[in-house]
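**Student:** Since the structure of chain H is provided, determine the placement of chain D with the ligands on it from the hints.
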Amino acid sequence: MLELKNICYEVKGGSRAKILDHISLRIKPGSFTVITGPNGSGKSTLADIIMGIKTPTTGKILLEDKDITNQNITKRAKDIAYSFQQPVKFKGITVYDLLNIASGELIAPEEAGEHLKNVGLNPDDYLAREINDKLSGGELKRIEIASVLARPAKLFVFDEPEAGIDLWSFDNLIKVFKKLKKEKKTIIIISHQEKILKLADEIIILEKGKIKSKGTPNTLLKTITGENHGA
Amino acid sequence: MELNDYEKEIFCTVAGTTNGDDFEVPAGAYNFRVNGKSVGRNSTKNIDVKPKTDKSGLDITIKPGTKNEQVHIPVAISATGIKEAVYNDFHIGDNSEVTIIAGCGIYNCGPTDSVHDGIHRFYIGKNAKIKYIEKHYGFGPGRGGKILNPITEVHLKENSEAILELEQIKGVDSTIRKTTADLDKNTKLIVKERLFTHGRQTAESVYEVVLNGKNSTTDIASRSIAQDLSKQTFKATIIGNNKCRGHSECDAILMDEAEVHAIPALDAKTKDAELIHEAAIGKIASDQIKKLMTLGLTKKQAESKIINGFLR
Ligand SMILES: Nc1ncnc2c1ncn2[C@@H]1O[C@H](COP(=O)(O)OP(=O)(O)OP(=O)(O)O)[C@@H](O)[C@H]1O
Ligand SMILES: [Mg+2]
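If you're matching them up, the sequences are chains H and D in order.
For the first sequence, the numbering used here assigns the number 13 to the initial residue and increments by one for each residue that follows.
For the second sequence, the numbering used here assigns the number -6 to the initial residue and increments by one for each residue that follows.
Calculated directly from the structure, the hints in this document are not laboratory data.
Misleading hints may appear alongside valid ones.
Cross-link-like lysine-lysine pairs, in silico, BS3-like; alpha carbons within 30 Å at most [said to hold, decoys possible]:
#1 K181/D with K146/H
#2 K90/H with K193/H
#3 K196/H with K72/H
#4 K181/D with K103/H
#5 K171/D with K45/D
#6 K66/H with K293/D
#7 K103/H with K276/D
#8 K66/H with K196/H
#9 K228/D with K185/D
#10 K129/H with K283/D
#11 K146/H with K122/D
#12 K283/D with K166/H
#13 K66/H with K283/D
#14 K228/D with K76/D
#15 K234/H with K207/H
Quick partial rundown of chain H residues pointing at chain D, CB under 10 Å, derived from the structure [said to hold, decoys possible]:
#16 R88
#17 A93
#18 E126
Chain H stretches covered by chain D per the calculated footprint, using a threshold of three residues with CB under 8 Å from any CB of chain D [as the list claims (entries may be wrong)]:
#19 76 to 87
#20 110 to 117
Each residue gets a CB set at the ideal place from its N, CA and C atoms; glycine is no exception.
Bound conformation, chain H alone (with noise of 0.2 Å):
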């Protein structure tokens, strides 16, 4: 589905040299990855080059063998949804409006409510609200995570979809992640979460710009969550 070829990131004046030190990386279709490291490891980093928010210095990124690495955002959103970590406010564009946008097309206030209840939202409360910051930061993340399930897409990138999410609604992000896995999705996600972490077929752990480990959850989740602790 996805493959990342040696792919670095360097900027002037960043935290170290290298933001991402050869990163090479093979994503099967319908697969379930969650990336996971430290702060700073660059976990974002490599979700922004997957979706062409940030071009790597070097290396090749290839969606279903063909070579994306130049392509823009717009063209990969045709195969690719991603779910920002820090969700965009605007001033004048409603939850509604956003929708509409994602799913490419009008839809009907019933079906863009649809979204929301996935995401624990209630649709009366929030279709006409402005995506401003006068909504939560839980309201704004669910938000955005709602309309990226309004994509049609085939590989969804959910960056860290928990942070400022109620342990009550996280349960429900929880069976909308497996609903993705079931309609045969690929899904990267970055999580901290134990929970999440174990609904992967494959975890990556990232640190300072570099794979430091693979594994399935069964091998890996105990160094995890015993360093997470110190994280």
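**Tutor:** Okay, now just chain D with the ligands, sitting in the frame of chain H:
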């Protein structure tokens, strides 16, 4: 009403007098002005629309206690080289609640400037509430400028409230907008301004709001987009003479080579005056563009969504 297509387009755009497909005469009181003349006028039981005798303009009198009624007084200029100053006075009776829809559009197909100066004075009675909607719009292939200079003067008596929605849609080459207000006790003035300039247009928007009465409040929110080589100036002065609250906000998006100048002024004459000004000028936030691109829009489409939302 005899109107040509340009005039119809103007009225539908600035005053919403449309059934969706075509121009429609609105219910209630109205005066439609085309190229300096009234082409249709109607008064109702509660709202009297009378032409002034000493100069161009109207006296609009709203009976005390009038509720849920509307007045439409839009202006169209469809000939080149028209220059007019129009004086409209609104006498709003106590305890009334009305919506006033003004607005002006200029179609200019010739070489000479067309200018409309609209001077609107509002005398708002006790406990009355008004909503005033004014949209400006210009179009046409002529070299002649489309120039609109509105002056709005609002006098609020005890416990009254005014909401002003002032919008420059597009196509206005030059505008100087002056809005002044004085507020008695327990009154409220809310201004929502939307300005869009492009090409080599210039726009200047000046507010002076005097909070005289105890517990008077005002909120002036201006959002604007400046494209191409256009230039905008926003000047807002709030004067607090009593225990009061005032807030003004200028939020501008700059594109291309445009310029925006924001000049806030707060003048608190007592420690009980709480006055705030916020101004933010900058280009379209790149994270907004990126987010919409990840939802499948091109950069251009994303920008236009952001702009349309911003000017809502
Ligand atoms: N433009 C930049 N300039 C300087 N440093 C940068 C830039 N972009 C990213 N970095 C640095 O790259 C590192 C990786 O950032 P990234 O956001 O990918 O981390 P992360 O693993 O997602 O962290 P977190 O768990 O906190 O979300 C950080 O140390 C960050 O400061
Ligand atoms: Mg991150």
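**Student:** Hints first: check each against the structure and report whether it holds.
**Tutor:** Now the hints, each set against the structure:
Under the criterion of a C-alpha separation no larger than 30 Å, the hint pairing K181/D with K146/H is consistent with the structure, at around 23 Å. A distance of roughly 19 Å separates the Cα atoms of K90/H and K193/H; the hinted pair therefore holds under the 30 Å criterion. Using a Cα cut-off of 30 Å, the hinted pair K196/H and K72/H holds, with the two alpha carbons roughly 25 Å apart. Under the criterion of a C-alpha separation no larger than 30 Å, the hint pairing K181/D with K103/H is consistent with the structure, at around 24 Å.
Proposed proximity of K171/D and K45/D is supported: the alpha carbons are some 22 Å apart, at most 30 Å. A C-alpha spacing of about 19 Å is found between K66/H and K293/D, which places the hinted pair at or below 30 Å, so the restraint holds. With a C-alpha separation of about 14 Å, the suggested pairing of K103/H with K276/D holds against the 30 Å cut-off. At most 30 Å may separate the alpha-carbon atoms for a hinted pair to count; K66/H and K196/H meet this at roughly 27 Å.
At most 30 Å may separate the alpha-carbon atoms for a hinted pair to count; K228/D and K185/D meet this at roughly 14 Å. Only pairs whose Cα atoms come within 30 Å are accepted, and K129/H paired with K283/D is accepted, the gap being roughly 25 Å. The straight-line distance between the Cα atoms of K146/H and K122/D is roughly 27 Å, inside the 30 Å bound, and the hint therefore holds. Of the pairs offered as hints, the one joining K283/D and K166/H holds, with about 19 Å between alpha carbons and a cut-off of 30 Å not exceeded.
Taking the CA atoms of K66/H and K283/D, the gap is near 11 Å; set against the 30 Å cutoff, the hint holds. With a C-alpha separation of about 26 Å, the suggested pair K228/D and K76/D falls inside the 30 Å cut-off, and the hint holds. Pair hint K234/H plus K207/H holds up; C-alpha atoms about 13 Å apart against a cutoff of 30 Å. Look at R88/H: its Cβ gets to within about 8 Å of chain D, closer than 10 Å, so that hint holds up.
Proximity of A93/H to chain D holds as hinted, the smallest CB-CB distance being about 7 Å (cut-off 10 Å). Because the smallest distance between the Cβ of E126/H and any Cβ of chain D comes to about 17 Å, over 10 Å, the interface hint for this residue is violated. Figure legend: the region 76 to 87 of chain H, annotated as covered by chain D; annotation consistent (3 residues with Cβ-Cβ distances under 8 Å, at least 3 required). With 4 residues carrying a beta carbon less than 8 Å from a beta carbon of chain D, the region 110 to 117 of chain H meets the three-residue requirement, and the given coverage holds.
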